[in-house]
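Trainee: These are the residues of each chain, in order.
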Amino acid sequence: MDMQDELSTFSRGGIVTDDRKTLTSGKPIERFVPKEVVIPLIQHLGNPCRATVARKAKVTRGDRIGNAIGGVPIHASVSGVVKRVALQPHPTLVEAEAVVIETASELQEPVWEEVSNWEELSKEKMLEQIADAGIVGLGGATFPTHRKLNLPEGIKVDTLILNGAECEPYLTSDHRLLLEQAKDVVWGAVLIAKIVGAQRILIGIEENKIDAAEILNKAIAKINPSQKVFVVICKTRYPQGSEKQLVEALTYRAVPSGKLPMHVGVLVQNVATAVACYSAIRYRKPLLDRMITVTGRGIMEPKNLIVPIGTLVQDIVDFCGGLHPRTVKVISGGPMMGKALGRLDCPVIKGTGGLIFLTVEEVRREHYGPCISCGRCLDACPLGLEPNQISIYTEAGRQLETESFGTKECFECGCCAFVCPAMRPLVQFIQVAKQSFMTREVMHV
Amino acid sequence: MSESPSLMISPGPHLKAELTTKQIMWWVNASLVPLFCWAITIYGLRVVGLLISGSLGALVGEGLVNYLRKQRQTMLDGSAVLTGLLLVGTLPPGMPLWMPSVGGFVAIVFAKMLFGGLGYNVFNPALIGRAFLMATFPLAMTTTWLKPFEAVTQATPLNVWKLEGVFFNNTLHLFLGLRSGSVGEVSVLLILIGALILLFKGIIKLYIPLSVLAGLLAIAFFSGNALFQFLTGGLWFGAFYMATDYVTAPINPKAQVIFGLGIGILTGIIRLWGGYPEGICYAILIMNAVTPALNHWFRPTRPEQMGAPS
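Going down the list, the protein sequences come from chains L and H. Position 354 (the first sequence) corresponds to 354 in our numbering; numbering is contiguous. So our numbering is basically just the index in the second sequence, starting at one, shifted up by 1000.
It should be emphasised that the hints constitute simulated quantities derived from the structure, not laboratory data. Just so you know, even glycine gets a beta-carbon here, dropped at the ideal spot from N, CA and C. Heads up, some of the hints might be wrong.
Okay, the calculated beta carbon distance ranges per label pair [as the list claims (entries may be wrong)]: (1) H:LEU1206 - L:GLU366: 28 to 34 Å; (2) L:ARG398 - H:ALA1293: 17 to 23 Å; (3) H:LEU1163 - L:VAL16: 53 to 59 Å; (4) L:GLU361 - H:GLY1063: 48 to 54 Å; (5) L:PHE437 - H:ARG1069: 29 to 35 Å; (6) L:MET443 - H:ALA1218: 35 to 41 Å.
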């Protein structure tokens, strides 16, 4: 067991908890295609798309159905007929314009033709294909990938990190992806490394996915790329998969506050994004499907699924055996950073990492109490911020005085609120304080 | 489509660690049980009466203020009971049974609730309760210590040393708690066992208690009998149970070390050169007053202060 000492991890804060991944970690990814999809015109950070199809239009899986200036396009994730373009429920925005497509009865995957000489494409060509494919960061940030990969003037990146940490409890779809499509993952990494000019690729996974390491190493040996590729096993510790934490764990480089990993020569990409880039470059295949973990005690048959983007949560629930009678909460994303859904008739979008169904027993509903200055949140914060002070000031209506406690730097990992014995909704206090800063900035412009 | 349930909406994180404020408070209460059992064994059943009296006073104070202020009732969150029990821990076992009630009531009402309740008090409530009793009933507070296993009064080792210059000569008895003293302070061994429970549950850390002990030792070397000073009085009870109170101690580890050293040093100074034989109570209260400043001076360092990337 002396390997234990050598496992990488970030230096400060974080939490270790029961990861509850065994509910689904052994289950292969299943494909599910619903009778209807709802594809919102806004699924990424940036300008929303404008629909390029109208009611009754016939679409084929892969057709472009929306364009955005400065954003990324959206595509029909199934073949069928457009039923309407209208306001529909949205998992994060409550409601948004969406294209509703009725799936054709006969399902046929279009033929994805290989781009000739795809291994030798220029950087510009590859970026163009990634942009056309509508790819966004699938780790949850949904930032358009072609823009992230197009480094600003003067920035040099020597290391590409592939983020396979999947540090949120419950989620297993990245793990399954590594096991089932290791070669595509490595190819994606190699192509992205080419785009950004990185000579070294580090694939970071947590110890609870150690079985993926061997498979990845085999894939690396088979592809035998010109870059150096290493699989690095990290301790299982949240929020390992957060960019700055993973950069530190794998390269010992500290990303200063207000800076990005590229400022210390590192670019981070999620493993699922890498696979999407690979498909876009090799086959011009757009981002059409989303891999998700459907799990928790609140769903009868937890599964790892691959579904067309736009699949409704309700259809997934039905496919997974229905809800447990005591289900009270549905989370889109991981249990730490995900959002609680108020309704089941909203769709899975590009950024949906998982669906977690919690029963009444798994949810805490006590009142929150006063801060007792125990210091647990300070120990848990990976950035060294002071959630206790932010919450106390915000509670008193003095949130504009909290900047020195780090309000603006918080990326809302939730470690502080997780450990708080007084059950204080610390992340929410911080969000309120952030909002006040933003409002002030807008007013002063 | 199946039935649509009513779903809970709340901000993340949607998971929570186990330990709650209430559980912390009751665990601290529970960790005191061995100590109090020992006190009952050597000083008799009247200790039970004292414990009940002190907790009742505290509970009534908490309940009354909540009622008058129309606040959510917090009597059962464990913290009022804890204040009552900790207060009794600092009292001589032979004192009238009604007195701890007065101390507990004053501790909760004046040192805690009037500051805004749990989390907002500046001074350790139990110690304010003790200081109040000391000022109000000085005779009962200084003459009612009992000899172990005998229902007769006996001055504490620190009193004997202060007044007559004689050292208690059995170090083992000091460690085990076979001596006269306040209800909670006599057995160093059992205080350590209680502290181990709290350490194991992740409720306390050692920065404060160890620096209190170190601070006292530094001064005690001037006394001619450092070991005697080290094992007597309320030092251990204060170091592990009073100085570690979250609310009234600083948060930052460095600040905690300074806080602890300050308590230890002040305790030593009061004992050796002050008028009282015992000093831990006032030493902690004085350092409580410094806590807000320590919290202001010692803050976490952030990544931008971590130096240039390599």
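Trainee: Verify the CB-CB distance for H:LEU1163 and L:VAL16 against the hinted window 53 to 59 Å.
Mentor: Taking Cβ atoms as reference, H:LEU1163 and L:VAL16 lie about 54 Å apart, which means the hint holds.
Trainee: Falls inside 29 to 35 Å, the C-beta gap from L:PHE437 to H:ARG1069?
Mentor: holds (33 Å)
Trainee: Evaluate the given range 35 to 41 Å for the C-beta pair formed by L:MET443 and H:ALA1218.
Mentor: violated (56 Å)
Trainee: Holds or violated: 48 to 54 Å for the Cβ distance of L:GLU361 and H:GLY1063?
Mentor: Between L:GLU361 and H:GLY1063, where Cβ atoms are some 31 Å apart, the hint is violated.
Trainee: Holds or violated: 17 to 23 Å for the Cβ distance of L:ARG398 and H:ALA1293?
Mentor: About 20 Å separates the Cβ atoms of L:ARG398 and H:ALA1293, which means 17 to 23 Å holds.
Trainee: Please check whether H:LEU1206 and L:GLU366 have a Cβ separation lying inside 28 to 34 Å.
Mentor: holds (30 Å)
Against the hints set out earlier in the document, violations occur for numbers 4 and 6.
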